[in-house]
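S.K.: If you want the building blocks of each chain, they are given just below.
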Amino acid sequence: MTHSPETATVMTAADIDRALTRIAHEIVEAQRGTDELIICGIPRRGVPLAQRLGAKLADIDDSFNPETSLGSLDVTMYRDDLRTSGARTPEPTQLPTTGIDGRTVVLVDDVLYSGRTIRAALDALSDYGRPQAVRLAVLVDRGHRELPIRADHVGKNIPTSRTERVGVRLAEIDGLAADAEQVVIIR
Amino acid sequence: MKHLLDTQGLAYHDALAILDTAEEMTAVSSRQVKKLPTLRGRTVVNLFYEDSTRTRISFEAAAKRLSADVMNFSAKGSSVSKGESLKDTVQTLDAMGADAIVIRHSASGAAAQLAASDWSEAAVVNAGDGTHEHPTQALLDALTLRRGWSSAHLNGPRGTDLTGMKVLIVGDIVHSRVARSNVWLLRTLGAEVHLAAPATLLPYGVESWPAIVHYSLDEALSAAPDAVMMLRVQAERMGGVFFPTAAEYTRRWGLTDERLRVVEQLRLGDTDSPALILHPGPMNRGVEISSAAADSPQAKILDQVAHGVAVRMAVLHLLLSQRQHDGNHDE
Chain A
32 MTHSPETATV MTAADIDRAL TRIAHEIVEA QRGTDELIIC GIPRRGVPLA QRLGAKLADI
92 DDSFNPETSL GSLDVTMYRD DLRTSGARTP EPTQLPTTGI DGRTVVLVDD VLYSGRTIRA
152 ALDALSDYGR PQAVRLAVLV DRGHRELPIR ADHVGKNIPT SRTERVGVRL AEIDGLAADA
212 EQVVIIR
Chain B
7 MKHLLDTQGL AYHDALAILD TAEEMTAVSS RQVKKLPTLR GRTVVNLFYE DSTRTRISFE
67 AAAKRLSADV MNFSAKGSSV SKGESLKDTV QTLDAMGADA IVIRHSASGA AAQLAASDWS
127 EAAVVNAGDG THEHPTQALL DALTLRRGWS SAHLNGPRGT DLTGMKVLIV GDIVHSRVAR
187 SNVWLLRTLG AEVHLAAPAT LLPYGVESWP AIVHYSLDEA LSAAPDAVMM LRVQAERMGG
247 VFFPTAAEYT RRWGLTDERL RVVEQLRLGD TDSPALILHP GPMNRGVEIS SAAADSPQAK
307 ILDQVAHGVA VRMAVLHLLL SQRQHDGNHD E
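Chains as they are written, first to last, in this note's numbering: chain A, 32 to 218; chain B, 7 to 337.
Here chain A stands alone, though its shape is the one from the complex:
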C-alpha cells in the first residue's frame, strides 16, 4: 500500500473501561460468584486486560483474590502459523501455583478474529491441567472466524473487512497515558 493508512477510533478509554466493568459483572453472574475462577490473559494485550478484570472482580466480590486467581498463558509454541509467520519470542506463562484442575478458566484477549489464537490457547491449557470449564472474554470481536469458536463475553462487536486491521492501544503495552487508550480500525 502506498497511501497512508486511515484510522478511525471505535472505542475510547472510557468505552474500554465500561466494557471491562460490564464483562466483570457478566462473569460473576454467569459463574454465580467467583469461586474457583481463574482469569488468564493471553500475551501481550490480553494480560493487562486480565489484570484490570481481576481488579474489577475484586471490587465486586470480596472473596476474589487477584493474587491467586490471575494468570497469563503464552500460546506462541502452540500456533499453527509458525512456519509461515516466522518465529516469535515466547512471552511468560504464569498460572496460579494451585493449578487449573477443576477450576473455571476465563481466557482474556484483546481481539477475536480467526479464532486460531484461542485454538492454540485451548491446546496450551490442556497441557497444564484439566479445567472444569473454559470461557472466553475479548475486548473486540471483529468477525471472520476460521474455526468453530465464539466468545462468552464481548466488549464490542466491530464488523470489519479482512483488509482492515484492528489496533488496541493500551497504556501498559503501548506506553500511553490512561486516557489516551483507544481501539482503532486501520484501513
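Careful, some of the hints might be misleading.
[Stated by the list, open to error] Among the chain B residues that face chain A by a calculated CB cut under 10 Å, a handful are:
#  : residue
1  : M7
2  : I24
3  : A33
4  : V34
5  : L42
6  : T44
7  : L45
8  : A67
9  : K70
10 : A158
11 : R164
12 : R267
Rather than coming from a laboratory, the hints here were simulated on the basis of the structure.
Please read these numbers as outputs of a predicted model, since none were measured by experiment.
Note that beta-carbon positions come from the ideal geometry of N, C-alpha and C, so glycine has one too.
Based on the hints, put chain B in the right spot on chain A.
M.R.: Chain B alone, transformed into the frame defined by chain A:
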C-alpha cells in the same frame, strides 16, 4: 538467522531472542506435560563425528520436548567408518527429509562448510567443531550467568544483557571451543571477559581478543570476577608439553579448596549475592576443580545442564520456525 554456526557472528538481538525464548523454555520441564507441539512433523538429525554423550542427549531432549522426530547418527560403526564423505552422508540425510542437522565434527569449520554447501536445505546447528566454536554451550552459560546476575539485582532476566558483569574463564583456552564461543558471546552481551591460563595453553593472537589475559589465577581472582568458569583439562593433554604434571596444574590453575575460600568472598556486582562457579562438564574432580568447589552452593553446574536443554529448544524453535515466505500477519 538460518543457521547457528558461531557466536562471533551472532547479532546482539538474535542472542537476546535465543536467551529470552530459552527463559520461557526452562518452565516446560516443571510442567505436567513436558512437551510442546511446536516442531511436530519436523526431523532433527544429530550428526556426531566426535563422541559426546552430554551434548547429544541435550539436543535430543530439546528436539523431543518440541515434538520433533530425532535421528541420531554417530560416525562410529556407521558408513563413515567405511569411508563415506561428509558430503555423501549429508546428502543421504537430506534425502531422508532432515529439517535440521546438528553437527559435531573434529574439523574446525565443518558446520560452516555444511551450511555454505548446497548438499542440504536443512538448518545447521554447530554442536562443536574442532577448536573453533561451540555456540550452544556459550548460550547456556550466558543464560546461567544472566539468571544469576538479574536475580541478584532483583529484576527479571527477560530482555537484559550482561552489562557490568566480569567473567573469568580459567584453563585450557587454546584447545577450547567453549572458551572461544564464550569470549565472543559474553562480549556481545556487554560482559567484561577475563582469561587465566598458563602461557602454553593460550592461543596465538590472544592479545587481539576482546578479553583481559592473566598469567596467574590468584591475580585474576584478585580482580574480583562475578563468575568463574573452570574449563576441563583434557586427559590426553595432561603431563604432555603443555604443563609438567596434573598436580602442578591443580596447584597453580585449579579451583582448590584454598581458592574456593577466596571465591566465597566474591559477590555479584555490588549486591550481597555470592559469585557464580561454572563448569561445562564433564568435570575432573581434584584436577581443575575440587569436590568442595563443585558441590558448593555457588556452583551452577547442574543449572547449566538444565539450561542446555532450554537453550537448544530455543535455537531449534527459532531456526525451524523461520519465515518461509512473507505472510501478511495480523494480531
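S.K.: Each of the hints needs a verdict: does it hold here or not?
M.R.: Each hint, compared with the structure:
1. At a threshold of 10 Å, the smallest CB-CB gap from M7(B) to chain A is about 9 Å, leaving the interface hint in force.
2. Nearest Cβ of chain A to the Cβ of I24(B): about 9 Å, under the 10 Å cut. The hint holds.
3. The closest approach between the C-beta of A33(B) and any C-beta of chain A is roughly 6 Å, which is under the 10 Å cut-off, so the hint is satisfied.
4. The interface hint given for V34(B) is met, as the beta carbon of that residue sits about 9 Å from the closest beta carbon of chain A, less than 10 Å.
5. At about 4 Å, the closest approach between the beta carbon of L42(B) and any beta carbon in chain A falls short of 10 Å, and the interface hint on this residue holds.
6. A distance limit of 10 Å between C-beta atoms decides the matter here; for T44(B) the minimum to chain A is near 4 Å, and the interface restraint holds.
7. Hint status for L45(B) relative to chain A: holds, with the closest Cβ pair at about 9 Å, below 10 Å.
8. With a cut of 10 Å, the hint placing A67(B) at the interface with chain A is violated, because the nearest CB-to-CB distance is about 16 Å.
9. A distance limit of 10 Å between C-beta atoms decides the matter here; for K70(B) the minimum to chain A is near 14 Å, and the interface restraint is violated.
10. With a least beta-carbon distance of about 20 Å to chain A, the hint placing A158(B) at the interface is violated under the 10 Å criterion.
11. With its C-beta approaching chain A no nearer than about 7 Å, R164(B) sits inside the 10 Å limit, and its interface hint holds.
12. Interface restraint check for R267(B): the shortest CB-CB distance to chain A comes to about 38 Å, outside 10 Å, so the restraint is violated.
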